[in-house]
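Trainee: Each chain, letter by letter, is given below.
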Amino acid sequence: MTPPDPHAHLPLKTAWFHILLTLADGPAHGYAIREQTEGRTDGAVTLWPATLYGALRDLEELGAIEPLQGDADPDDDQRRRYHALTSFGAALLRAETERLQGLVDAARASRAWGGT
Amino acid sequence: MGGHVRLRPTLIRIGRIAFGLLAGLLPPKARREWGREAAADLHQLLESAGRAGGSGAVARVVIRSLMDLAGRIPVEWARVLSMRERHGHVNAGGSRQGWGERVMSMWHELRIALRTLARRPGYAATASLTLALGIAGSVSIFTVVRAVLLEPLPYPDSDRIVSIRHHAPGLDLPELENSEGTLALYAQEADFLSEVAAYDTGERNLVSEGRPERVEIVQVSPGLLPLLGVDAWLGRGFTEDDAGEAAAPVALLSHGVWVNRFGADPGVLGSTVRIDGRVSELVGVMPEGFDFPSPDVDIYLPLYLDPQGPFGAFGLAGVGRLGPGVSLEAAAVQAEALQERLPEMHPGIEADFLEGAGWSVSLERLQERMVGAEVASALWIVLATVGVVFLIACANVTNLFLVRAESRQKELAVRAAMGAGGRRLAGGFLAESLVLGAAGGLVGGPLAAVAVGLLVRHGPPGIPRLHEVALGPLEMGLTALLAVVAGVLLAILPALRWRGSRLAGILRDGGRASTDGPGRHRVRNVLVAGQLAMALVLLVGSGLMLRSFDAVRKVDPGFEATGVVTVGLSLGEGVDGRAGATFYQEVADRVGALPGVASVGLANAVPLAGGSANGGSFYVESMPRDDDELPPVAMYKAVGADYLESLGHPLVRGRALTRGDWESGEPVALVNETFARRFLPNDGLGEAIRWDEELDFARVVGVVADVRELDLTEPPRAWAYLPLVVGEWGYPNMDRAYLTVRTQEGASLSAPSVREIVAELDPTVPLTSIRTMEEVLAAETAGTSFTMTLLLIAALTALFLGSIGLFGVVSYVVGQRTREIGVRVALGARAEEIRALVFRQGIGVVAGGVVLGLVAAFGLSRLMASILFEVSTSDPVSFLLAPVVLVAVALLATWLPARRAARVDPLEALRAE
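First to last, the protein sequences are chains A and B.
For the first sequence, the residue numbers in our numbering are 189 to 304.
For the second sequence, the residue numbers in our numbering are 161 to 1073.
This is chain A alone, in the form it adopts within the complex (with noise of 0.2 angstroms):
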């Protein structure tokens, strides 16, 4: 089977993006991973509920994330579910952000920015 190709998923769901930036500073819980997507965003994304644990669902299933077994923190409540960045999370994470800069740059390049 030949390995997935990451630039297949582009460009990834708002929700998506904010799952893996976060789980790329380590494993999170949902709760967690929506309070560093409002604080990272200034309250401009809200990751709802439905939205959240599906989107975690999903790439899961895609195999861009993974459940964490055994060493989460024994204090925390037992129905969290840790997850963390797989390697084709990372690739994903990696692919989406040089799309992005890729638009960046060409709307630097503009007029708008003083381009030529």
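Honestly, the hints are just simulated from the structure, not real lab data.
It is possible that some hints are incorrect.
What the hints assert, rightly or not - In silico lysine to any residue, SDA-like type, Cα no more than 25 angstroms apart, as pairs: (1) Lys-201/A x Arg-224/B; (2) Lys-201/A x Glu-197/B; (3) Lys-189/B x Met-227/B.
Unchecked claim - If you anchor each label on the Cβ, the simulated ranges turn out as follows: (4) Ile-177/B x Ala-232/A: 21 to 31 angstroms; (5) Gly-214/A x Ala-577/B: 55 to 65 angstroms; (6) Gly-290/A x Glu-534/B: 34 to 44 angstroms; (7) Val-574/B x Ala-232/A: 53 to 63 angstroms; (8) Thr-285/A x Pro-281/B: 24 to 34 angstroms; (9) Gln-348/B x Gly-290/A: 54 to 64 angstroms.
Glycine included, each C-beta is placed from N, C-alpha and C at the ideal position.
Knowing the structure of chain A, use the given hints to seat chain B on it.
Mentor: Okay, now just chain B, sitting in the frame of chain A:
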């Protein structure tokens, strides 16, 4: 904050239940994979929203999460279906083609549905209009709730602005706001507040170009507009210098006054007007739509706050802005702790005194303060009510739908036989119900707009921000959402009942075999019982409101309101007491000479209609008290001769005040019965009281009946009535006065003649109001009657829909059993027996609905406690009468089809086969 404290857990519970119900529409696979986790997450989200932002924030989270979930449901179903497709057809080409096919087949189903419905216009119209009513009711009330309760106030970071209030249950005074003393405490010591400001509403006489007018004003401390984050639109706001003790008088105009009175002329800036006699410069105009603290404000004046000001005069409203990172809860705790510093700042205030008075402070969001807990509870209750009506409407249409599906069973069976799978048939139902839902939404949306227009125009005066109400994109979204929810709800039961496998037998036996099984009508019976139960809940609710309204109306105000007109006039602030009283008395005497006038009284405040009454601690001559003892507190106002007689305010013992009393300057007073009973020995006559240690004691010469002076629904307080002019010892604030004019029977007071009289004496004095006492009393009950009317409309709609449902089911059963009934008649059954047979069918359903409804009503009516007056939430009258009404209507709905059944002609019935 009362209502909100109870409201928040209720809202959270409602939110979780709604989320759970909506999640029930997810495919089971998705529910397993992430539904439970999302629900647990929502719980946490709601709790933290409740802690951080109050009930408004909770409601916002609930709505956004539900909309998010609703959007996710079709996505999840598409996933499940496309997966099945992929498993079913190997190499079918992935999901893209599956999607295309599905869209085509859905389109196909929709076209079929449209055609089917077009062939049955009566059914289609009934169903979609019922849904439209349910949707319009829910959307229109939601619009009001959003604008009034959920939409933040139009100031930057308005949820950080808090209102500061104090409470002292140990003193028998109305709610305490702030004094210069408390404000200085917060301004100097409260580091949890980044800004503190104050305002005070009132009225003034405005004279510009020689025209006098009574205007609503707000005095604001210079920090208030910056605290709100609002600047003058033209010109400038107030500076600290404007509010100095000896500052030149300046004023800001509201946008409305600037347009209406000053012709929107920017040149008025720098010009002067007379406000209560003081020449004031107009320095600015506020932005359009700025309506703090109410839309009635005409003019803003600077408010001077003396940092050394007294602790004891609580007339100022205080607001603060929370410091960075400080939560409302933390601020409230710190504010309470700060109260210990009061004795330090105000040497006259002992810690024991504060403790004895039960002194405390409360912070609440400015928005909650503006709306008020009572209005908020009433709105939530009405919203819940229309939500129930929406559910009843859905149940009703589902019933119609089931009946329709049954009459189509042969057609469905043929489709099944020709290879349509269960999913395909379900798709057919869904298409049809979605078309109905969409039609309901298309009609319901505009209907909601009309309803909102009516509410805004005819709503009671007590609902703040009502003028901001308008249908917005959120309401459009809600309309669409309800239309889809209705569409999906309608299709669920038929789709379950008519799964392909069940249809196999129908063709075999000509569509008759299964018509008479005992479980046949269970689903519809349960639906109808549910509708009747919900209708009963609403009937009980409106019964409670009716009883409450009745109780408010029956409150005896204590005086004879019929035939009394109150006339307000004002000389403006700072008028000399004796000069003022003389002027007003002159007006009163001349009005008394008008034809048709029986008597005219004079006072600086009239019951329920406002004025300048005061309150505070007082001294009784015969009962000296220790300094650390809690002083008794009572209200007082100034009245002239003939006041009691003109108002019909009964004298219980002793004598009334005479004109001689204020001409002689002899200090005398009247007290009401509550005052005498609570504070004075014996019958109170001959005792002496005073409110100020520097003034003479006033001798009590008469005791009058208790009158509801401030609020019709609160128990009477202790009041004293002092003469209008009291020489050297007088308190009266004579900036305004009210005439109480009793007209002779059949006569009425001529407003133009009164105006003429005042203008003759002084053309710069405006009449502030002319209202009959009956109007004043009616305004007191306006809020209750508004809520009552809405609930009653909702309850009657529910009753109507529920009875239609019952009628439909029983009629249908009669139709189905015509043959059986024919046989019975042929075998000699009498008409009564047939009627009883059909009746029994209906009675079971009605009984189920009544029991279910009473249980639910018993639980839910407790939520209404805060808006009821002198009616228990388990009021036996409401709980007895509501079921009687319901049963009566329900019996009629069963009786009509039963009568038809009894008239079945056996020959016709048998021949019809």
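Trainee: Please go over all the hints and tell whether each is borne out by the structure.
Mentor: So, going through the hints one by one against the coordinates:
1. Lys-201/A x Arg-224/B: It holds: about 19 angstroms lies between the C-alpha atoms, which stays within 25 angstroms.
2. Lys-201/A x Glu-197/B: Holds, at about 21 angstroms.
3. Lys-189/B x Met-227/B: Judged against 25 angstroms, a Cα distance of about 20 angstroms means the pair holds.
4. Ile-177/B x Ala-232/A: 21 to 31 angstroms: 30 angstroms, holds
5. Gly-214/A x Ala-577/B: 55 to 65 angstroms: 59 angstroms, holds
6. Gly-290/A x Glu-534/B: 34 to 44 angstroms: 58 angstroms, violated
7. Val-574/B x Ala-232/A: 53 to 63 angstroms: Since the Cβ atoms of Val-574/B and Ala-232/A sit about 55 angstroms apart, the hinted range of 53 to 63 angstroms holds.
8. Thr-285/A x Pro-281/B: 24 to 34 angstroms: 57 angstroms, violated
9. Gln-348/B x Gly-290/A: 54 to 64 angstroms: 58 angstroms, holds
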